[in-house]
Amino acid sequence: MVETPVASTPRTLADLVTDPHQEPDTAEVPEETREALRDDIAAFGAGLAQVFSTAGVLLALNKALEVPLADILKSAWSSSLSLQAYLDPEKHPPEESSWVSFGKHKLSSTHQPKIEVLLNGKRVGTVSFDVTLTLHITSTKLLVRDGRIWEATGTEFRGEFKAAYKGLPFIKRNIGKIKLPGKLTFSSGVRITKLPVAID
Amino acid sequence: MAYSEVATGVKPQRVRMYRCLGLLLLWLGFGGAAFAQTLEIEFALGPFEQQPVRQAAFAVADWQGLSRQFGLTLRYVVVRHADDEDWYEETPQAVGKARELMASAGYRDGLPTPVLIFHDRSTARLAPLVARAFSRIGLETSIQFVAPQDRDAAIARTRYNTGRTTIEIPYLFLTTSRRTPPVVELTPLPDLIAGRPEARFDPFSRRLRVRVPIENVGRGGAPKSTVAFLDRGRTLRLPDTAVPILGPGRRTVAEIELTVPESALGKILQLQTSVDPRNTVPELNVRNNLSEVVAFELPAPPPPEPERLPDLILQWQGHQFDPEARQLTVRFTLRNIGQGPSAAQWVDILSLTGGERERLARLPIGPLRAGQSVDLVQEVRLPSGIPGQTLAIAAIADVLAQVPESNERNNESEILEIPIPPEQVLVDLEVSIPRAEVQKNGRSVMVTVAVVNRNAAVSPSTLLILRGEPGGETAKVSVPSLRPGGRWTTDQTVVPKFRPAGGPMQLLAAVDPDNRVPETNENNNQTVRTVILPFPALIWGAVATVSILILSMLFPLVRARPKRRDPPRETSDEGQASAPQVLLAYVSRPDPGFQQIDPEDDSGLIIIELSLRALADPGHQEMIEEEV
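These protein sequence lines are chains A and B, in that order. Numbering of the first sequence is given in this note's numbering, commencing with residue 1 and proceeding in unit increments. Numbering of the second sequence is given in this note's numbering, commencing with residue 201 and proceeding in unit increments.
Where hints are given, some of them may not hold.
With a straight-line Cα cutoff of 20 Å, these simulated PhoX-like cross-link-like pairs (lysine-lysine) come out [to be verified]: (1) LYS194/A - LYS91/A; (2) LYS104/A - LYS74/A; (3) LYS177/A - LYS141/A; (4) LYS106/A - LYS179/A; (5) LYS183/A - LYS74/A; (6) LYS104/A - LYS183/A; (7) LYS172/A - LYS74/A; (8) LYS194/A - LYS697/B; (9) LYS424/B - LYS74/A; (10) LYS640/B - LYS194/A; (11) LYS141/A - LYS106/A; (12) LYS697/B - LYS114/A.
Derived DEER-like restraints, expressed as beta-carbon distance ranges [to be verified]: (13) PRO93/A - LYS676/B: 31 to 39 Å; (14) GLN706/B - LYS177/A: 45 to 53 Å; (15) GLN706/B - PRO93/A: 18 to 26 Å; (16) ILE739/B - ALA46/A: 17 to 25 Å; (17) ARG687/B - PRO93/A: 22 to 30 Å; (18) LEU582/B - GLU90/A: 18 to 26 Å; (19) GLY555/B - GLU90/A: 57 to 65 Å.
What the hints contain is simulated information worked out from the structure, not anything from laboratory work. Here a beta-carbon is modelled for each residue, glycine too, at the ideal position from N, C-alpha and C.
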């Protein structure tokens, strides 16, 4: 898959959440969550509590959120109900190309990024986070052919980001309106998933 | 009929008076007789020389009756043959007797020659009538008038001498006269009378004995004769018995004995006897040969000892129906309520549903004593078309009527009505994994699961679970209701756990995991498919690359700054990390593990490197279309 990067545009989930050129703001992490995190890391080894750093965790988490935004979008679009009709070769022959306009739709992406704690390269423990990304996509157009999505353009959205640690809120972000410029091209196409509605 | 007469003695003077009176009386009597007509019949020659023939010819006609037809009143009829004369006062016709006499004489079909009937003027009109009467016994006749003076000549012509033989033509001469029966010499005659019959009956042997006294009250001896025993009520046919010679004044007892048939028991006999019923004995009086009628009641037979017979009845005790096995079991009791034992017999269980009788089962039953009962349990096959209807059944004892019973009308039980539920049609859900495609270099597997309803009933909605490996995440999908033969598929993505070396992974799909749907086959609700995950080369390559980078970064740092004695950093949230991925720090208490000691460092401190490694997760996405 070759992705065409868009200038000043978010490429990954981390780009939606943080600015890589700025220091992570540790003040927004609730104290309770920090304490819990510290206690868990301290349990991995003696003395680790003294070197625990919330900023370091934020940086590592940011690394763990480097999930391509295109992957998130195409995974959601591939299971769209509106595209099910394009799986019928009688209605849409393989050689037919169709631009499908989507109206408003909501995308929910859940992740469980993990951070491994290494001492001298040896993993002593893992902390796991629960991340939820909600995008309210106002419009997009998809090029569909032969049961696959080949291009996406005019994608515009806003949303919100939430990360939690063991149910405790970690960080929360509101994502302002973003319009992806240009188009996303999927060289091998994204296969439209057949949803479980077939009854003979 | 012969006559007898009585002579009395008389004195001279008075005798004359009496003689005159007597003569007068005699004259009046005989004078009266002188005006009476007497028919004289003379039989002669040929077969008429035989007495039976003459008797037959005389008995075939009512001579007096025939004569009265033309106004001739006959008082007497005398039959002459040779020197014999038989006088008759009555001439009843007896054609049957005449035929018997002719047959006994050998002339059943009549005489070989015609018979001449000679007559005079007085019998001219009688002769044709006689000829007609003779024809009844096969006698051909020829009537010829003969004047009195020609009598001898006529008789002479009845013989023909052919030189070799003499042909005789039988004839009879009919004439009338005023002759009266001659006074015959008094001959004492017997007179047999029968007394009152007596009967005795033995009910055990059913032997009846009837006795009657016979007495000869006449002055002549009676030859052997017979006495006939009669039942005027026609219940019994009694035999005759012989009566021996009885002298005058003698008596005897005639007796018979016979076995009375059972059918005659209880009836009343009207017994009467008749001595000399065939009148073979010339008697002074034949009108006293019959006895009086005596009624005798035969006792009724004793009531038969009631035969001890069995009496079989059936009573239902209950029934059970197994809906899964579609099996009906009935219980009933067979009792012998009779007085006698019952032999072995058969019991049938019948279906009476729809007005038709259909045998469902037949049981052999052994002998039963009087009062004995037997409890029976029988599995009964269901007739076709019964499920969903009410089955009406009955049981019949001794169905083949092999056992005689005191009551044959109570062998059938009451009708038992059993509702039979309709057959339950179950579903059969079969699950399969027709396709499993490894994607993203082993990081996910696209699985297609199919569920088919293979039975004849509509399946309810149920649940499908899909699991990647034991202990892996379980996907739960709702399976909709499927018609018979219906097929439903779903595509699911299974994310396997990280396997350092790849390898096989089992996919488990199960429909109706909680077994809430009753099926004919529960064994096809699960299926397992194994997929081979590739070796995660990319991941290990990345790990190796990272490790090399880290190691290359670590070693220069440790060697380049051996004397750095930065104080232990205090924990602070003010953002201390200078590099985004790696933090360096000193710990006072080393942790077991990989440790590196700088030989050039005399502080005794052990440098431990703490680092954090991020693991991204592609996550799970869902899209909800808010506008179409």
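Tested hints:
1. LYS194/A - LYS91/A: Holds, at roughly 15 Å.
2. LYS104/A - LYS74/A: 16 Å, holds
3. LYS177/A - LYS141/A: Since the Cα atoms of LYS177/A and LYS141/A sit roughly 17 Å apart, the hinted pair holds (cutoff 20 Å).
4. LYS106/A - LYS179/A: Holds - the C-alpha atoms of LYS179/A and LYS106/A are around 15 Å apart, at most 20 Å.
5. LYS183/A - LYS74/A: 13 Å, holds
6. LYS104/A - LYS183/A: Holds, at about 18 Å.
7. LYS172/A - LYS74/A: 24 Å, violated
8. LYS194/A - LYS697/B: Given pair LYS194/A, LYS697/B is violated - Cα atoms ~24 Å apart, limit 20 Å.
9. LYS424/B - LYS74/A: Violated. LYS424/B to LYS74/A sits at ~151 Å, over the 20 Å cutoff.
10. LYS640/B - LYS194/A: Satisfied, since the Cα-Cα distance of roughly 19 Å is no more than 20 Å.
11. LYS141/A - LYS106/A: 15 Å, holds
12. LYS697/B - LYS114/A: Since the Cα atoms of LYS697/B and LYS114/A sit roughly 14 Å apart, the hinted pair holds (cutoff 20 Å).
13. PRO93/A - LYS676/B: 31 to 39 Å: For LYS676/B against PRO93/A, whose Cβ atoms are near 36 Å apart, the range 31 to 39 Å holds.
14. GLN706/B - LYS177/A: 45 to 53 Å: Since the Cβ atoms of GLN706/B and LYS177/A sit about 46 Å apart, the hinted range of 45 to 53 Å holds.
15. GLN706/B - PRO93/A: 18 to 26 Å: Check failed, 38 Å falls outside 18 to 26 Å.
16. ILE739/B - ALA46/A: 17 to 25 Å: 31 Å, violated
17. ARG687/B - PRO93/A: 22 to 30 Å: Given a distance of about 25 Å, which is inside 22 to 30 Å, the answer is holds.
18. LEU582/B - GLU90/A: 18 to 26 Å: 51 Å, violated
19. GLY555/B - GLU90/A: 57 to 65 Å: 59 Å, holds
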